[in-house]
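**Student:** Chains A and B supply the protein sequences, listed in that same order.
Position one of the first sequence corresponds to residue 1 (this note's numbering), numbered consecutively onward.
Position one of the second sequence corresponds to residue 641 (this note's numbering), numbered consecutively onward.
None of these hints come from the bench; they were simulated from the model.
All C-beta atoms, glycine included, are put in the ideal place defined by N, C-alpha and C.
Hints may be right or wrong, so weigh each one.
To be verified - Restraint-style ranges between C-beta atoms, simulated for each label pair:
hint, chain 1, residue 1, chain 2, residue 2, range
1, A, Thr610, B, Leu726, 25 to 33 angstroms
2, A, Val627, B, Phe733, 30 to 38 angstroms
3, A, Val594, B, Glu743, 39 to 47 angstroms
4, A, Ile589, B, Val717, 31 to 39 angstroms
Unchecked claim - Facing chain A, according to a computed beta carbon distance under 7 angstroms, are these residues of chain B, among others:
hint, residue
5, Gly670
6, Val671
7, Ile684
8, Glu685
9, Val741
10, Ser745
11, Leu747
12, Arg748
To be verified - Here are a few chain B residues that face chain A, going by a calculated C-beta distance under 8 angstroms:
hint, residue
13, Ala668
14, Val738
15, Asp742
16, Leu744
The primary structure of each chain is shown beneath.
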Amino acid sequence: MSNQTLALLILIFPAAGAILLAGRGWRLPRIFTVLVGPGVVWASFVCVLALFAGKAAGDFTYWTWIKSGTFEVPFNLLIDNLSIFMCLVITGVGGLIVSYAVGYMEHEDDPSYARFFCYMDVFIFSMLLLVLAGNFVFLITGWALVGLSSYLLIGFWYQRHSAVVAARKAFVMNVIGDVGMILGTFIVFLDFQSVRFGDVFRALAPRANCQGTQVCAYRFFFDTGSLELAAFLFLVGAVAKSAQLPLHTWLPDAMEGPTPVSALIHAATMVTAGVYLVGRLHPIYDVAVYAHGAVAIVGAVTALFAATIAIVQTDIKRVLAYSTMSQIGYMFLAVGIGAYTAGFFHLLSHAFFKALLFMAAGNVIHAMHDEQDMRKYGGLWNQMRPTSIAFLVGSLSLVGVFPFVGFFSKEQILGAAFSKPDDTVVHFLWFIGFVTALITGFYTGRMWWLSFWGKPSPQRPVEHPHEAPPVMFVPVATLAVLATVGGLLQTKALGFGTDEVSNFLSSAVGPERWEGGGAEIALTLLTMLLAAALFVWAMRMRPWTAYAPWAQRLLERKYYFDEIYDAVFVRPLDWVAGFLQRDVERPVIDAAVVDTGALARWSAGELSLTQSGYFRNYVLVFVVGVVSIAGVLLLVRALT
Amino acid sequence: MNTLNIGGSQLDTSWFLLLSAILFVLGAVGVLVRRNPLVILISIELMLNAANLTLVTFSRQLQNLDGQLFALMSMTVAAAEAVVGLAILVDIFRTRDVEDVDELSELRG
Numbered sequence: 001m002s003n004q005t006l007a008l009l010i011l012i013f014p015a016a017g018a019i020l021l022a023g024r025g026w027r028l029p030r031i032f033t034v035l036v037g038p039g040v041v042w043a044s045f046v047c048v049l050a051l052f053a054g055k056a057a058g059d060f061t062y063w064t065w066i067k068s069g070t071f072e073v074p075f076n077l078l079i080d081n082l083s084i085f086m087c088l089v090i091t092g093v094g095g096l097i098v099s100y101a102v103g104y105m106e107h108e109d110d111p112s113y114a115r116f117f118c119y120m121d122v123f124i125f126s127m128l129l130l131v132l133a134g135n136f137v138f139l140i141t142g143w144a145l146v147g148l149s150s151y152l153l154i155g156f157w158y159q160r161h162s163a164v165v166a167a168r169k170a171f172v173m174n175v176i177g178d179v180g181m182i183l184g185t186f187i188v189f190l191d192f193q194s195v196r197f198g199d200v201f202r203a204l205a206p207r208a209n210c211q212g213t214q215v216c217a218y219r220f221f222f223d224t225g226s227l228e229l230a231a232f233l234f235l236v237g238a239v240a241k242s243a244q245l246p247l248h249t250w251l252p253d254a255m256e257g258p259t260p261v262s263a264l265i266h267a268a269t270m271v272t273a274g275v276y277l278v279g280r281l282h283p284i285y286d287v288a289v290y291a292h293g294a295v296a297i298v299g300a301v302t303a304l305f306a307a308t309i310a311i312v313q314t315d316i317k318r319v320l321a322y323s324t325m326s327q328i329g330y331m332f333l334a335v336g337i338g339a340y341t342a343g344f345f346h347l348l349s350h351a352f353f354k355a356l357l358f359m360a361a362g363n364v365i366h367a368m369h370d371e372q373d374m375r376k377y378g379g380l381w382n383q384m385r386p387t388s389i390a391f392l393v394g395s396l397s398l399v400g401v402f403p404f405v406g407f408f409s410k411e412q413i414l415g416a417a418f419s420k421p422d423d424t425v426v427h428f429l430w431f432i433g434f435v436t437a438l439i440t441g442f443y444t445g446r447m448w449w450l451s452f453w454g455k456p457s458p459q460r461p462v463e464h465p466h467e468a469p470p471v472m473f474v475p476v477a478t479l480a481v482l483a484t485v486g487g488l489l490q491t492k493a494l495g496f497g498t499d500e501v502s503n504f505l506s507s508a509v510g511p512e513r514w515e516g517g518g519a520e521i522a523l524t525l526l527t528m529l530l531a532a533a534l535f536v537w538a539m540r541m542r543p544w545t546a547y548a549p550w551a552q553r554l555l556e557r558k559y560y561f562d563e564i565y566d567a568v569f570v571r572p573l574d575w576v577a578g579f580l581q582r583d584v585e586r587p588v589i590d591a592a593v594v595d596t597g598a599l600a601r602w603s604a605g606e607l608s609l610t611q612s613g614y615f616r617n618y619v620l621v622f623v624v625g626v627v628s629i630a631g632v633l634l635l636v637r638a639l640t
Numbered sequence: 641m642n643t644l645n646i647g648g649s650q651l652d653t654s655w656f657l658l659l660s661a662i663l664f665v666l667g668a669v670g671v672l673v674r675r676n677p678l679v680i681l682i683s684i685e686l687m688l689n690a691a692n693l694t695l696v697t698f699s700r701q702l703q704n705l706d707g708q709l710f711a712l713m714s715m716t717v718a719a720a721e722a723v724v725g726l727a728i729l730v731d732i733f734r735t736r737d738v739e740d741v742d743e744l745s746e747l748r749g
């Protein structure tokens, strides 16, 4: 099979799965859903593996979707190492999570069960379209579709009011990002007269082999101001999708969705779309230096901000949600300073360990009959040993402890930031990242000790919890293994060993640009030791918040972001809407419409009196009419 | 030339037109004041034939056969119209005994 067909098949499988499960698919036996739902994702995974093994690359155009003058939108898929890398994460980790959901969702009734897998397949399709798209229009299509499937899945339990509200919040926040994406695309089209990535990036690429007075960098022909604007608008899209400041408030609420959804969409794949976007558009960000710097600053600030909130959260999934924001902040920091391969390596490792953490947390929540408050767990180490170990692996990876994958990826980002030459701002961002790494150690420790160690809480809903069934535990164990050995792919943080991820991605996003030294490795080990110490220290934690109740309140209130947005946007808009309804719509618009109707009704009533139904009346009117017209005509003739 | 030669004697055109006008007004008044549907149909025929008379008159006066042809045409249409009108009447009579067209006023607004 040609690469072109394979690339299309990657998309067709999940789309076909979603269509099969939609509508009346649930009337078939449940085994049909169980086979089709995860099956199509694995089928896509096989296609991606085939492309990966065949070292495929190319820009395949299938048909022209829109053609109007110079504006042309082809349906083309861009296969390069970056999109294959992303597809591997999406279909590989996605396949594990969808298989896990077979067990997690088994208590749902048949229609909901099929609906869940239908939405999951829609999501996988949309995310694959997002990363495979070869032009801005289909990028936005995928971008909006993942927003839609996220909305559908957060609101999966639509009978719950809080889930519906959370879904709506996520959708609105994501649409703000979509608008940024669309406006950015307009600017790109104005600058380059094309929406294909290939055309745009070729125009931006520096020209080789130029001599004398020739301008080497073709990019300076462009108005960098408009490119900065476009890059900032794309950043709005990335920030909204990846839950970075200031459009982050939807992600913690998105935990209303089923846990596999949190693992797949709100940890492993969708929220990393912003990182992918910056990496994909790196030729633009390399020119638009201010926007590029903003990416790094947003990332570092979000990393610290989210980590501090995670300290006081009591809902296990919310802790994980804030740590997701924090880790994506690291990825933004990495791509923002130009260390793209480090950012994507962290994306991969984060997909491993965060999906692992979410699914292990899902096992616990499943065993605890949907109780999510960590204070009501305790003592699970003895009763759910395998899940506890898996969760510990994920936690240590999140903290960045050797030899787990998180150590290598996070320390590579911090190392890149530390060793970037002559850049004070980036060195300051490194310091933020360093502090965040320590806080990460603390809140992860608190989460693990609180949930699994100690004595069972008296409020625990289940006295003797049962371990998860194999269909749920096998994906968790697989990811635990991956999180343990994944670091061997790239041991750059230690200064020696393999460099697989960077080598693989360098053809798509460029090689790492600067080398670290001994100081970097020493700091890396110091960071790890301090973070691990805080992880352990969290076990003996005293209730520190008693000394600073204002700090606890501030953190529990999430820095009052929801309240501020409520006061600045929601309430004024509510007021304006209320004003318009009360004083404009009802007295002016409604009244005009109602009165027009009343006028027509009244005049119809009056005019219907002329319809007597008597034949002679009609004839009389006719005759009188003819006679008067004839009279008028005669009169006119007589007078002229 | 305002006269027509009818059977060897000269008659002024306006007499024919006057006759036609009288016939037409008779027909129109008949439609207006009579109540019996059949009589109304007959009155309509009268109006049509008054118009035919006018056509033939002018045709003779102007020595142009178009008017005569048009009169023939008009008679054909009149025949067809009579067929349709009578058919409707027959259908109405089947369902009820109508003596007065005022009874057929269901379309009152």
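**Student:** All the hints need checking, so say for each whether the structure fits it.
**Tutor:** Right, here's what the structure says about each hint:
The given range of 25 to 33 angstroms is respected by Thr610 (chain A) and Leu726 (chain B), whose C-beta atoms sit roughly 29 angstroms from each other. For Val627 (chain A) and Phe733 (chain B), the hinted distance range of 30 to 38 angstroms is satisfied, since their beta carbons lie about 33 angstroms from each other. Taking the beta carbon of each, Val594 (chain A) and Glu743 (chain B) are about 41 angstroms apart, inside 39 to 47 angstroms as hinted. The hinted window of 31 to 39 angstroms between Ile589 (chain A) and Val717 (chain B) is violated, with their beta carbons roughly 54 angstroms apart.
The beta carbon of Gly670 (chain B) is not positioned within 7 angstroms of any beta carbon in chain A (closest approach about 10 angstroms), and the interface hint is therefore violated. Interface hint status for Val671 (chain B): upheld, as the beta-carbon distance to the closest one in chain A is roughly 5 angstroms, under 7 angstroms. A hinted interface residue such as Ile684 (chain B) counts as satisfied when its beta carbon comes closer than 7 angstroms to some beta carbon of chain A; here the least separation is about 10 angstroms, so the hint is violated. Taking 7 angstroms as the C-beta contact cut-off toward chain A, the hint placing Glu685 (chain B) at the interface is violated, the least distance being around 15 angstroms.
A hinted interface residue such as Val741 (chain B) counts as satisfied when its beta carbon comes closer than 7 angstroms to some beta carbon of chain A; here the least separation is about 5 angstroms, so the hint holds. Interface hint status for Ser745 (chain B): upheld, as the beta-carbon distance to the closest one in chain A is roughly 3 angstroms, under 7 angstroms. The closest approach between the C-beta of Leu747 (chain B) and any C-beta of chain A is roughly 5 angstroms, which is under the 7 angstroms cut-off, so the hint is satisfied. Interface restraint check: Arg748 (chain B) against chain A, minimum CB-CB distance 3 angstroms, threshold 7 angstroms, status holds.
Using the Cβ-Cβ criterion of 8 angstroms, the hint placing Ala668 (chain B) at the interface with chain A is satisfied: the shortest such distance is roughly 6 angstroms. Because the beta carbon of Val738 (chain B) sits about 11 angstroms from the nearest beta carbon in chain A, more than 8 angstroms, this interface hint is broken. The beta carbon of Asp742 (chain B) comes within 6 angstroms of a beta carbon in chain A, closer than 8 angstroms, and the hint placing it at the interface holds. With a least beta-carbon distance of about 7 angstroms to chain A, the hint placing Leu744 (chain B) at the interface is held under the 8 angstroms criterion.
In summary, the numbered hints that this structure violates are 4, 5, 7, 8 and 14.
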